[in-house]
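Spelled out, the chains give:
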Amino acid sequence: MAQDVTALEKITGKEIAVDPAGIEDAFLRIWRETAGDAYDASTVRLRVLNLVAVGSGPAAGDSFDRVMAVVPQRHPCRGILAVADTAASGVEASIGAHCWNAAGTGRHVCSEEVSLRGAPGQARALASAVLALLVPEVPVEIWLIDNVDLDGAVVAELLASADRVLLDSARSANPADAYRAALAVSDERGIAFCDLAWQRLAGWRALIAQLFDRTDAMAELPRLQSIEIVGGDGRPSSDALLLAGWFASRLRLQPADVSARVDGFGATLYDGTRGTRLAVTSDVQRAPLREVRIRTERASFFIQLHEDSGHMHVREEWPDRQTRRTVAMEPIDDAAVILDALDDRDGASVEIDSMRAILALST
Amino acid sequence: MTSGATGSSNPFRTGQRLSRTPDPCAVVVFGATGDLTARKLIPALYNLARGRLLPAGLSIVGFARRDWTDEQFRAAMKEAVAKFSREPLQEDIWDAFAHELHYVSSDFAAADGYGRLRDRLLKQDQQHGAGGNRLFYLATPPTAYAAIAQRLGEAGLVKGGTDGGWIRLVVEKPFGRDLATARELNQNLGLVFRERQIYRIDHNLGKETVQNILVFRFGNGIFEPIWNRRYVDNVQVSVAETVGVEGRGGYYEEAGALRDMVQNHLLQVLSLVTMEPVASFRGDAVRDEKAKVFQAIVPIADVARQTVRAQYAAGAILGQDVPGYRQEEGVAKDSVTETYAALKLQIENWRWADVPFYLRVGKRLPKRATEIAITFKTAPLQLFRQMGSENPTPNLLVLRIQPDEGISLRFGAKVPGTRSDVRPVNMDFRYGSSFGVEAPEAYERLLLDAMLGDSTLFTRWDGVELAWELLTPVLDAWRSGASPLQSYDAGSWGPDAARALTERDGHEWHRM
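So the protein sequences, as listed, match chains A and B.
In case it helps, this note's numbering puts the first sequence at residues 1 to 363.
In case it helps, this note's numbering puts the second sequence at residues 1001 to 1512.
Keep in mind that the hints are not guaranteed to be accurate.
Which stretches of chain B does chain A cover? Using the computed rule of at least three CB atoms under 8 angstroms from a CB of chain A, they are [unchecked claim]: (1) 1012 to 1020; (2) 1046 to 1052; (3) 1120 to 1129.
Distance windows between CB atoms, simulated [as the list claims (entries may be wrong)]: (4) Ala-21/A <-> Leu-1452/B: 49 to 55 angstroms; (5) Asp-163/A <-> Ala-1301/B: 54 to 60 angstroms; (6) Ala-160/A <-> Val-1415/B: 38 to 44 angstroms; (7) Val-1243/B <-> Asp-62/A: 45 to 51 angstroms; (8) Asp-187/A <-> Gly-1164/B: 48 to 54 angstroms; (9) Asp-333/A <-> Pro-1416/B: 43 to 49 angstroms; (10) Leu-1018/B <-> Arg-223/A: 23 to 29 angstroms; (11) Ala-1279/B <-> Asp-187/A: 35 to 41 angstroms; (12) Ala-88/A <-> Phe-1218/B: 45 to 51 angstroms; (13) Ser-259/A <-> Gly-1164/B: 44 to 50 angstroms; (14) Tyr-1231/B <-> Ala-160/A: 40 to 46 angstroms.
One-sided and incomplete, this derived list gives chain A residues near chain B with beta-carbon spacing under 7 angstroms [unchecked claim]: (15) Ala-206; (16) Leu-207; (17) Ile-208; (18) Phe-212; (19) Ser-309; (20) Glu-316; (21) Arg-321; (22) Thr-326; (23) Val-327; (24) Ala-328; (25) Arg-345; (26) Gly-347.
These aren't lab readings, by the way, just hints derived from the structure by calculation.
In this text the structure is predicted, and so the values were computed from the model without any measurement.
Where is the CB? At the ideal position from N, CA and C, for every residue including glycine.
So that you can see chain A by itself, here it is in the shape it has in the complex:
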C-alpha cells in the first residue's frame, strides 16, 4: 500500500435496521460527517465490487476489519460481513467505514462496511439481507473467512449471486478436501474460485518462471532430475502441495510410484520416457512454504525464504557460473493476498490444473 495512504479512522458500531435504503442514507451521512470541508459536489463514490465475507464468531469480524482497512484503498468496494452469532436475536446490522487520505491528494475517502449477524437458524434471513445490500452491476466476491464450507447454509444461498468464491485451503484440516469442494463448485455450478493458498504462491511461481525464461535453462527442463519442496508443519502445507501440483501440471508429467513419508510424500513424475523425482516434505518447526530445490543434469536452482527478513534468496548453479540474488517477498497476510486475488483473474485454469494434479498425486 502506498506510504501516503493513511488510514485515518475506523467509524464503527452504528446499529441500524436491516433496511437497504436506510443503510444507503447512513453511508452518505458518514461520508459527509467524516469528510467535513473536503466533501463537495464533485465527490463520487466508487465501488468496483462487493466483497461478501462469510464467517462465524468474533474472530471473523476481526479478520473482516483488517481486510477492509486495506482492500478498498485499491479496490473501492462495499464490504458485507455475514456472520453466524449465537448472541444475535434475528438478523442485526451495523455499519461502519474506514476513511483515509487518498494518495497525494489529501482527498478523504471512505469504504462502506455492513456487518450482519444472524442467530443460528437464521441463515436464509441473513443471506437475504446480504442480497438486498449488494451494489448492483458490479462483481460479487464471496470470501469464506473461517473454513471451506461451500455447503454451509448462508454460502449456499449466496452462491447463485457470486461471481467468484475466495477460499483458503490452508485453513482446511485436509487441503485436498478443500480442493475437491472448490473444483465441484467450479465444475457443477460454473462459479469461479480462487484459493488464497494458491495466491500466496504468486511470488514463488513468478521466481520459478523467471529461472526458466532463459533459453539455456529452458533447455534443461527435459533433463529435470528432481524437485524438492519444503513447507508445512509436520505435514505438507497447502501451498507446498499446490506448488507440487503446479510443477506436475505445467510440465505435463504423470505421477507414479507415490510413496508416503513421515513428513510428506515422494513420487516419480513421468512424461512417458523419463522420470523426475518429486519430494514434498515438511519441517516441524516451520509452517509455510520455505524452500524449493530444482535439479537438472547441468544446473541446480534454489529458492529459499528467509524467515526474518521475509526476503527470498535465489541461487543458480551452472558448471561455468553461479548467480545469487535477493528479492523482496510481498506480505502474505489475508488483506495482501485478497488484494492480489482481486488483481489477478488470469491464472484460474492454471490453478485448477494444479489442484487436479495434486489430487491425482494424493490418490
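We have chain A already, so just place chain B on it with the hints.
Quick look at chain B alone, frame taken from chain A:
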C-alpha cells in the same frame, strides 16, 4: 538466439501476470556520477531488482570521468538509493544488488576507457552468462552523445558479446536543439547504431497517467465514437509549473520552453490524444500512428498569430515573492529565452480537420498541473435557454496527468426547483482515491521496457524529426522578431497575448 536469451515457451509463464523478464544483460550508464543516475536510474534499477523484475545475471557498469573505484561507486549509489528510492533501502537486497555494480573511470572521449569497459563486459558475460546483451544508457550532456557512440563503435562494443547478444542505446532528451542539430545527432548515432537499437527516452511518457490516455480512449467503448471533429470543439494541452529554472539557468537559457517541453512532451501527449486506434500494441503500431498525427499537423504559417512566447517577471507564487527570470542565477540580464510558450495547431485529417488544438507550457504559473482539456460542442438545440436558463456550458472532459491524476467530466444538471435551471457539475475520477497503490516510477517502467526490447513508449526518429520540422520555423521566426517576447508576472496565468490566442477563435483557456 544466444544461450543467455529468453525463450517464448516457458511452461511456467502460463497464467502469470508478466509474460517474461528481461534477458540477462549489462546496463552501462554513461554519466554514472551525475544527478540523473543517482536520483532516477539506480533507484529505479534497485526497485526493479527488489520487485523480482530483473533476471539473474544482470550487471550494472557505471562509466564516468570521476576517479572512483567499484567500492566508491557502490557507496555513492547506496546513499542515492537510501535518499531517492521509492521503496526503502533494505540491506540484504542492497548487498546482492550492489555485488553486480561496477565502475569504469574514463573520459567519454578516451579510447582506452572503452577498452577497459569492453574487458569488464566480457568478464561479466563469462561470469553471468549474459550472452553479450548490453543496454548503453547516455545519462550525459547531449554534447557527449556523438563521441560516446563513436568510441563504442570503435571499441567493438556494439556488435554484441562473444555470443552475439542484443545491443541497445538509451538516449535522454533533448534530441537536438533544432532540425539541423537533431539530424546531425541522429546521423552520428546512426553511424554506429541502427534505428531499432536507439531508445529515445522521454520520462513523461513512462508515467501511468500518460499511458492511461490510451486505456481511456481504446479500452472504453463510449469515448471513441465522439472523439472527432463532429463532437469536439477544441482541445487544450497545458503544462503549468510553479517552479522557475531551479539552478538550471545555464541549461534553460539554451533551451527555452518550446525546446524543453513542447518539442517532446506536449507533442507526444497530443499525438496520444489524437492518434487513430491501433489493432495491437505489437511492434511499432503505436509509433506508426503517432507519426501519422505529426505528418498531419499543418505547418505554422503565421507565427505571429499562432504562437505566443513570454518570459516571467518578478511576482509571487503561493504567497512567496519570487524573482523574475532575468534575475535567476545563470540567466543573462537581457535574456530573450521564453519561459512560456503557447501555440495553436491544426491537424488536417479526416478525424480532426478544423478542430483547433491549443498547447501551452509555462514556468512560474500559479499552480503545478498537466492537463488535457477536451471541450465538446454544445447540444444542437439550446432547449433550456428557451425556458429561461442561461447559455449552456459545453461538456468538458479533462484528463489530469499530474498532480491529482484523474479524469473529470463536466455536464449540465437541473438545479432542484420549479424552474428549468441548468448548472454545470463535475463528475470526477481520481486515481488517488481509487487506486491507493503507488505507481512505479516512470524510469522503472521505461528501463524495463528497454531491457525487454519494447520501444512503444520511446520516441522514434521520424517523430523527433517531424516535431522539429514543425517547430524549427517557429524558433527561426521568433529569432527574427515575429511574435515579440511578452512578459508575465510570476504567479499569473501567462501574458495577455496567450488569452488573445484562444479568444480570437471564440474560445478560452481551460481554468486549471
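These are the hints, each one checked on the structure:
1. 1012 to 1020: holds (count 8)
2. 1046 to 1052: holds (count 4)
3. 1120 to 1129: Contact hint for the segment 1120 to 1129 of chain B vs chain A: holds, 4 residues under 8 angstroms.
4. Ala-21/A <-> Leu-1452/B: 49 to 55 angstroms: This hint holds: roughly 52 angstroms between Cβ atoms.
5. Asp-163/A <-> Ala-1301/B: 54 to 60 angstroms: With a Cβ separation near 57 angstroms, Asp-163/A and Ala-1301/B satisfy 54 to 60 angstroms, so the hint holds.
6. Ala-160/A <-> Val-1415/B: 38 to 44 angstroms: Holds, since Ala-160/A and Val-1415/B (Cβ atoms, about 43 angstroms apart) stay within the stated range.
7. Val-1243/B <-> Asp-62/A: 45 to 51 angstroms: holds (47 angstroms)
8. Asp-187/A <-> Gly-1164/B: 48 to 54 angstroms: Given about 50 angstroms between the Cβ atoms, the range holds.
9. Asp-333/A <-> Pro-1416/B: 43 to 49 angstroms: Holds: the Cβ-Cβ distance is about 47 angstroms, inside 43 to 49 angstroms.
10. Leu-1018/B <-> Arg-223/A: 23 to 29 angstroms: For Arg-223/A against Leu-1018/B, whose Cβ atoms are near 26 angstroms apart, the range 23 to 29 angstroms holds.
11. Ala-1279/B <-> Asp-187/A: 35 to 41 angstroms: Given range 35 to 41 angstroms: holds, Cβ gap about 36 angstroms.
12. Ala-88/A <-> Phe-1218/B: 45 to 51 angstroms: For Ala-88/A and Phe-1218/B the Cβ distance comes to about 50 angstroms; the hint holds.
13. Ser-259/A <-> Gly-1164/B: 44 to 50 angstroms: holds (47 angstroms)
14. Tyr-1231/B <-> Ala-160/A: 40 to 46 angstroms: holds (42 angstroms)
15. Ala-206: holds (6 angstroms)
16. Leu-207: At 6 angstroms from the nearest chain B Cβ, Leu-207/A passes the 7 angstroms test, so the hint holds.
17. Ile-208: holds (6 angstroms)
18. Phe-212: This hint holds: Phe-212/A lies near chain B, its Cβ roughly 5 angstroms from the closest one there, short of 7 angstroms.
19. Ser-309: holds (6 angstroms)
20. Glu-316: holds (6 angstroms)
21. Arg-321: Status holds, d = 5 angstroms.
22. Thr-326: holds (4 angstroms)
23. Val-327: Cβ of Val-327/A sits 5 angstroms from chain B, so the hint holds.
24. Ala-328: This hint holds: Ala-328/A lies near chain B, its Cβ roughly 5 angstroms from the closest one there, short of 7 angstroms.
25. Arg-345: Interface hint status for Arg-345/A: violated (10 angstroms vs cutoff 7 angstroms).
26. Gly-347: Holds. Min distance 3 angstroms.
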